[in-house]
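Q: Take a look at the letters that make up each chain.
2 protein chains.
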Amino acid sequence: MSIPCDESTTAVTGPRLVAEPHKDGVDAAVDAARRVVTALLRAGDGTGADMNGIAARLDAVADGLTEKASSMETRLAEMWRGEGITRHDPVTGPENALAPPLHLHGKEDGSVEGVVTLGLPYQGPPGHVHGGISALLLDHTLGVANHWGGLSGMTAELTLRYLRPTPLFEPLTVTGRQISVDGSRIRTVGEIRAGGHVCVTAAGLFIDKQLPRPS
Amino acid sequence: MSIPCDESTTAVTGPRLVAEPHKDGVDAAVDAARRVVTALLRAGDGTGADMNGIAARLDAVADGLTEKASSMETRLAEMWRGEGITRHDPVTGPENALAPPLHLHGKEDGSVEGVVTLGLPYQGPPGHVHGGISALLLDHTLGVANHWGGLSGMTAELTLRYLRPTPLFEPLTVTGRQISVDGSRIRTVGEIRAGGHVCVTAAGLFIDKQLPRPS
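Same order as they appear, the protein sequences are chains A and B. Counting from 1, position 198 in the first sequence corresponds to residue 198 in my numbering; the numbering is continuous, with no gaps. Counting from 1, position 112 in the second sequence corresponds to residue 327 in my numbering; the numbering is continuous, with no gaps.
Hints are computed from structural coordinates only; laboratory data are not their basis. Be a bit skeptical, because a hint or two may be false.
Below 20 Å or equal to it, Euclidean Cα-Cα: the simulated EDC-like pairs (lysine to aspartate or glutamate) are [to be verified]:
#1 K238(B) - D59(A)
#2 K238(B) - D45(A)
#3 K68(A) - E78(A)
#4 K238(B) - D50(A)
#5 K283(B) - D50(A)
#6 K23(A) - D265(B)
#7 K68(A) - D397(B)
#8 K283(B) - D45(A)
#9 K68(A) - D260(B)
#10 K209(A) - E157(A)
#11 K23(A) - D260(B)
Here are a few chain A residues that face chain B, going by a calculated C-beta distance under 10 Å [unchecked claim]:
#12 P21
#13 H22
#14 L137
Computed list of chain A residues with no C-beta within reach of chain B, every gap over 12 Å [as the list claims (entries may be wrong)]:
#15 H105
#16 E108
#17 P121
#18 G127
#19 S134
#20 G183
#21 V200
#22 A202
The structure presented is a predicted model; accordingly, all values stated were derived computationally and were not measured. Glycine included, C-beta positions come from ideal geometry on N, C-alpha and C.
Full structure from sequences and hints, please.
A: Encoded structure:
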């Protein structure tokens with residue numbers, strides 16, 4: 001295994017740019033759902049666990065929640081209420097079990113940074129992060145970097161370069177920085193590092209427009 | 216590797232290039248876990264559901280599975296046994312609740328294609344697919360297109376162009392095709408279409424090498 005890297009002991013400072021997770025309520029249930037997703041992958045079919053029984057228990061949880069849910073229109077409007085950061089995206093969202101989640105902070109030099117360790121659900125090549133998961137983390141981080149930089153937009157183009165495999169089970173540092181604004185065209189870069197080495201770089205072109213929030 | 220053709224799950228014909236989901240065992244539990252992930256996002260904190268009770272029920276499922284699991288080394292070796300397609304990736308894997316899952320089929324013209332409808336967990340802009348999720352689907356699809364084309368590799372570079380927002384809740388057609396092999400350099404393209412319109416295109420450079428499978 002690799003030598004421990006500095007990221008594991010260096011806390012990222014600066015204002016938090018993504019939603020703060022709560023210790024109870026839906027965030028706690030989502031945290032537990034993340035544990036289930038990982039545990040199912042970890043177990044597979046060879047453990048003798050009563051998977052049909054587990055399926056029934058999980059279906060009962062889903063059924064109970066779905067019965068209580070409001071209409072999709074109401075829920076979408078609720079998700080997007082206000083102008084602030086959202087809680088549901090698949091990268092940072094405390095309400096989304098797909099999100100690792102990545103906690104991004106704004107730094108005084110204009111960049112954003114977060115540290116995350118990814119487990120089995122994010123695997124592509126053996127023992128390493130799926131290239132598309134790196135793309136997902138970076139696309140989102142570049143978007144947050146635009147927010148921190150003062151002008152946000154929608155992704156028009158994103159180029160990823162994979163310099164070396166990105167390891168699972170080790171702290172990854174994900175960074176982003178807006179580098180230029182030319183009219184409505186925003187250029188932003190970012191990277192994922194592990195153990196001091198750059199694994200993936202991203203360069204994005206964003207356009208200063210937003211889809212309307214549902215109401 | 217056996218490649219059963221399952222036309223019941225999608226209108227796309229041609230040999231299935233990704234793992235076949237089973238109706239019971241871990242795949243059924245993972246399907247139920249997907250329902251939980253979606254239901255938690257759908258419910259949020261406003262329904263009066265007993266979220267701490269749900270967290271406890273989910274934690275109990277995770278704890279039970281984790282107790283029965285073999286060591287990580289054993290599990291990784293098991294995941295990667297043989298030369299065939301895997302069951303755990305975050306795009307097509309029937310054992311991974313992060314995967315929608317996307318079912319890809321090989322076509323006679325050399326391309327691969329799958330149809331998938333994405334819900335709330337995959338949201339980026341309001342009512343639309345997260346740009347990084349489109350990147351994840353396309354990176355994986357290009358990899359499967361390389362497999363179908365006869366020479367696979369690791370992603371070295373991936374460029375995505377976002378032509379229009381990709382809708383949630385509507386069938387998306389995801390395609391990929393290997394276009395050239397020059398020594399170890401493989402070039403592959405793909406796109407995501409909705410309602411006959413191209414939403415996202417991808418162009419990838421892959422290098423003909425693989426990380427060793429754990430044993």
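Q: Against which earlier hints does the structure fall short, listed by number upward?
A: 7, 12, 17, 18, 19, 21, 22
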